[in-house]
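Listed below are the residues making up each chain.
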Amino acid sequence: MNSTLVLGAVAVWLMLWGTNEYLVRLKPQSAAMARAIGLLVPALFGVAILVLWEGITRGFGVPTILLPPPSMIWARLTASLPLLWADFRQTFLKSVLIGWALGCGLGFIVAILIDRSTFLQKGLLPLGNFVSALPVVGVAPIMVMWFGFDWPSKAAVVVIMTFFPMLVNTVAGLAASGQMERDLMRTYASNYWQTLFKLRLPMAAPFIFNALKINSTLALIGAIVAEFFGTPIVGMGFRISTEVGRADVDMVWAEIAIAALAGSAFYAGIALIERAITFWHPSIRSAGWT
Amino acid sequence: MQGLRDGKTLPVLIVLLALVVIWYLGAVWLNTPWQLDTYQRKSVSDWTATQFVTDTLNQNRPVLPAPHQVAAEMWKTIVETAPNSKRSLLYHAWITLSSTLLGFVMGTGLGIGLAVAILNNKAIDRSLMPWIIASQTIPILAIAPMIIVVLNAVGLSGLIPKALISTYLSFFPVVVGMVKGLRSPEAMQLDLMHTYNASTAQTFFKLRWPSALPYLFASMKVAVAIALVGAIVGELPTGAVAGLGARLLSGSYYGQTVQIWSALFTASAVAAGLVLLVGLAERLTLRRMGART
Amino acid sequence: MKQTTVPAIAAEKLGLTFATNDGPVAALSDVDLTISPGEFVSFIGPSGCGKTTLLRVIADLERPTAGTIAVNGMSPEAARRKRAYGYVFQAPALFPWRTVARNVALPLEIESMGRAEIAARVKRTLDMVELGGFEQKFPWQLSGGMQQRVSIARALAFDAQLLLMDEPFGALDEIVRDRLNAQLLDLWRQTQMTIAFVTHSIPEAVYLSTKIIVMSPRPGRVTDVIESTLPLERPLDIRETPEFLKIAHRVREGLRAGHSYEV
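In order, the protein sequence lines correspond to chains A, B and C. Quick note: the first sequence uses our numbering, first residue 101, plus one each step. Quick note: the second sequence uses our numbering, first residue 297, plus one each step. Quick note: the third sequence uses our numbering, first residue 1097, plus one each step.
Keep in mind the hints are simulated off the structure, nothing from the lab. Each residue gets a CB set at the ideal place from its N, CA and C atoms; glycine is no exception. None of the hints are false.
Derived EDC-like pairs: lysine to aspartate or glutamate, alpha-carbon spacing no greater than 20 Å straight-line:
#1 A:K298 - C:E1207
#2 B:K476 - B:D487
#3 C:K1342 - C:E1323
#4 B:K502 - B:E578
#5 C:K1109 - C:D1320
#6 C:K1342 - C:E1329
#7 C:K1109 - C:D1126
#8 C:K1342 - C:D1320
#9 C:K1178 - A:D283
#10 C:K1307 - C:D1128
#11 A:K298 - C:E1205
#12 A:K298 - C:E1231
#13 A:K127 - B:D421
#14 B:K304 - A:D215
#15 C:K1109 - C:E1173
#16 C:K1178 - C:E1205
#17 C:K1307 - C:E1135
#18 B:K502 - B:E482
#19 C:K1219 - C:D1255
#20 B:K418 - A:E121
#21 C:K1219 - C:D1282
Now the stretches of chain A that chain B is said to cover, found in silico as 3 or more residues with beta-carbon under 8 Å:
#22 114-124
#23 244-256
#24 316-324
#25 335-348
Examples of chain A residues toward chain B, derived with CB under 8 Å:
#26 G223
#27 L234
#28 P235
#29 G330
#30 V352
#31 I356
#32 A360
Could you put together the complete structure from these sequences and hints?
So this is what it looks like as structure tokens:
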């Protein structure tokens, strides 16, 4: 056991923790300062975790199969960029993005189609809420049977996973317009489509973006897990399951790091667009974080 | 009862009926190519439409099994097979359910504990919460195979690794929901407790905890569903021996479509049952607290 | 002398019964009403007296179950399709994703008016409510009183001759309310519109109107029609003159006669 490493890591951890305890008790003078502290505290925490992780794994000689040190993962990551890029392209760019776009698009269109029929809404919405509790990734083998091994079957899984949250949220959003606003449009002799585009869709935007964000995470999970059920020799899920079988754990961690980055970037991208479009919503106006 | 009052039962039933009809039609359509092939190979030339349709709905390895085929398989493997046999769906369902339940209970407990810590320590709050919220955008389920294999390497196998995956997955919604719930009392209510000189613990048990219960139940519904998914995915890496995920995987390896579908339906039934149970607990608890359900 | 002009609003034996879970509720019963163009008419009464329902029937937001009603000589639906009136709700009902200018432009966009014409009208109506210069602000950047003024500007945008207002100042504090009352009167004198104004404030009704219609609940009906004797030019302190108080007293008597003060 390398005691210097362990003690050093713990010391850094305690120091950073102390810094955080100090920072949260400060009363910042300006909004910019407050935001800076808001970013600094979790960032320092993240750094502290990394340092502690590195110190403990190297210091105690933890077997790398159990938990590799971050430096090792980083080394493996930078050494395998072409492979990681190929996996990323297969899983994220093809299965995730295409499946997400199709699933959300279909959910949106169906919501508009059933907008005029309360009967269909009453029938489909409980179903939608029910389906969201089910282990939908289980349809992956069935999709492989229908669409083959390659990315279309994974995209199909993503479409099924993202369809219902989008449907449920869009319908809820379309119902969100107040009675007063709808009466207002009626006094303008506005027809169905004018009311839809000028009132109900803008009012539904916060709900729709909520679904888009939820679906971004579901899409990534769906695509990766669907690949556990069988895929051609490329893809993030494929890489994870095969490298796990070969006990090549730092490659698995490298893939997970890429997946984490992809997931957060995707989510953040949607959140940025949301901020631009629903700038008027109280939750965005008084915004802090998410 | 509520559904009948809302007038929701009829539309749902009709939509379900429509789905079953579409399913049958889809089965006929998707199984037709293989059926035509079979007739050709067996040199059957004098077949009627009715016979054709019946045959497409009763194939051994259909592209899309008909509803009655799935129902028959489920009946066979649940009711007609002994529960301790390795071919019983009940056996497999129990394997998956046990790790789900264990993981869910541990995840909920940990989640509530961390939420209380976040509530009371500002440093933990400001350092940890952003990471917890950010982690909801990360596909944590992707780690499942690794956790299984790694823990197997140190000698932990079977129930515990899967339960740990379920714990990890169900922990996040509970933390986020509980933090929101424990912080939900209005300023006026907190001021009131302050005028009573209530201690932090008293404010917690008499105000914060009751206010947080609706949020807790909502997140538990999400948590139990995702714990089940975690348990299923956790069964995939180890060469698929037992559990519903294992049945799904072996069904796909051996082309046993009906087995896949019946495993999927059983898993869905388990998920629905769990969420219903949480919902029932929610209604009972909240009704005792005077909430309008 | 017989009137040769078409009345702005003419109702005869108007009735509206709602079917509710607790049995039928007569929101309006046997209402006879004639409002000439250019009048400022207030409807006053407690909740449940049918004043808002009456306004909504005029606006074709509700259908009567008995009697007849004509707006500008045609059915309420025809009047609505011809955009014969502007409606101001109890809350501003502005769209938060549109600037003030685009909010006022909303009815004109629906009418498919040209862009230059829309811009001209928006400027004119915002000047009329003294909010010129606020075109690019968003509703949540304005106070409650200012938001309600935008809502009024929007109702004036297509130059309708009839303005229907449902307790538009109810959510505002008294000082803001006084100012807006004075502004509304100025506007009315400027445009010579017909205004139907629902309120449950007696001073407001007496201050603003040329005719006051007192209503009572259970069933919703008209108890008294009072022609105001106040002059057209009304500074705010006319509210302390004996003539004002006499009219207010008569309104109160009408309310009492309709059992409005009993629980």
